[in-house]
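As given, the protein sequences belong to chains A and B, one line each in that order. Residue numbers are given in the numbering used here: position 168 of the first sequence equals residue 168, and the series is strictly consecutive. Each number in the numbering used here corresponds to the 1-based position in the second sequence with 1000 added.
Hint data in this document are derived by calculation from the structure and do not stem from the laboratory. These figures come from a predicted structure and were not determined experimentally. There could be a bad hint or two in this list.
Which chain B residues face chain A? A few, computed with CB under 7 Å, are given here [unchecked claim]: (1) T1116; (2) V1124; (3) A1128; (4) V1155; (5) V1158; (6) V1165; (7) G1166; (8) L1171; (9) Q1174; (10) F1176; (11) V1177; (12) F1182; (13) N1195; (14) I1199; (15) R1205.
Quick list of simulated restraints, FRET-style, between CB atoms [said to hold, decoys possible]: (16) B/G1097 - A/G183: 24 to 30 Å; (17) A/R186 - B/E1038: 31 to 37 Å; (18) B/R1017 - A/S20: 42 to 48 Å.
Every residue, glycine too, gets a C-beta built ideally from N, C-alpha and C.
2 protein chains.
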Amino acid sequence: MGAVKPARESTKATQKRLISAASEIMREEDRINITLQEVASKSGLNSALVRYHFGNKEGLMFAVLESDITNGLDMLERLLEHTDMSPIQQMRLHVSGMVESYARIPYLNRLIQVMTRDATKERVHWIATEVIHKIANGQKSILDRGVEQGLFRQVDPVSFYFTVVGAADSLYSQRFVLNSAFGLDRVDPVMHRTNVRQITDILMRGLLVTPPEGRKTRPAAQ
Amino acid sequence: MGAVKPARESTKATQKRLISAASEIMREEDRINITLQEVASKSGLNSALVRYHFGNKEGLMFAVLESDITNGLDMLERLLEHTDMSPIQQMRLHVSGMVESYARIPYLNRLIQVMTRDATKERVHWIATEVIHKIANGQKSILDRGVEQGLFRQVDPVSFYFTVVGAADSLYSQRFVLNSAFGLDRVDPVMHRTNVRQITDILMRGLLVTPPEGRKTRPAAQ
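So here's chain A without its partners, still in its complex pose:
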């Protein structure tokens, strides 16, 4: 046992290093078309290790996606367990959590998009059922409870899913637009907080039968 355990840990550590390197390049350079050579150079490991551990580049990209998404999906699952929570509060937490996720992983939508186009059938199936269905079904259960309780307007859940995903991802996934057109190098923490709050407010007011009134302005600071 003593001889096996360190070897396993080292395998995990190597995989993690390759995954982190790929993720970092995509995040820093705002693109998903990376090469194994770049991953090798960033991680300080041989690109042959990618083939050894993940089969090929698609395998590595899939592992990146899996690693990126786990945290957010766990949070969503825990959120949905709080059936005592108001659907309003649940949806607020879900939407702001989605924006936070894209801020951390700005390439996520593009990766999902390209993988659902190009990956093996099994991987596309996993992404559809384990990622997209979980988010879309989670959303739908909150929407249904909100409508049942007379709190939310009835909306089309598929359209709503894409609206949330698109709105949440937009500021973080268009870094070169932000830079060239708005002169901003990065989304700074103040702007990020403003964006999280504003998207959440807009979508919640869009859903609520009776939105909060009388607030013509909101203070910029938290």
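Place chain B on chain A using the hints.
Chain B alone, transformed into the frame defined by chain A:
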């Protein structure tokens, strides 16, 4: 003159055919990384003509973008001239127009994103000033009028710009997600109308100080 005119027309016609072919491939296959060979094959023209007319692939992509965006920008300009129109009506028309544009040109955001990263400085400048600034400034002028008239809540205009663009583009730019996770081959006309109306409603309710009340459900048909 007689000898010159047909030649000019033919130049325009050739350019148009190449632009249409490139646009069609990107729309049909939901990707922007196309090759000149594919454009040649689709258009029935020689790929050398791309170099002759546009210099290189980037030149062709830029021409596609210019051609795609002209119509929408003209519409926005005309909309902004209606200073007698309520900011509510102006914003509704603007938002629904944005969704309609992305439905027609689902690759538009990706093209802008990649071009602001990779294109020549002059082209990036043109995209920033002639496309993004025009949309963002137009939006801001409607927002400002709405706030002045006590109709809109105050929102951060940069965050709002990205929210509109992201929400408007999302359903149309993720065809393989739509297919693999929701079993839908295309956005059909009914779904498109639902999406346009729902996004416009959500964003308008997000902006309005006093949103319309008492409509828990909206009929599915127009």
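| field | Hint numbers contradicted by this structure | value | Violated hints: none at all, because every hint is consistent with the structure.
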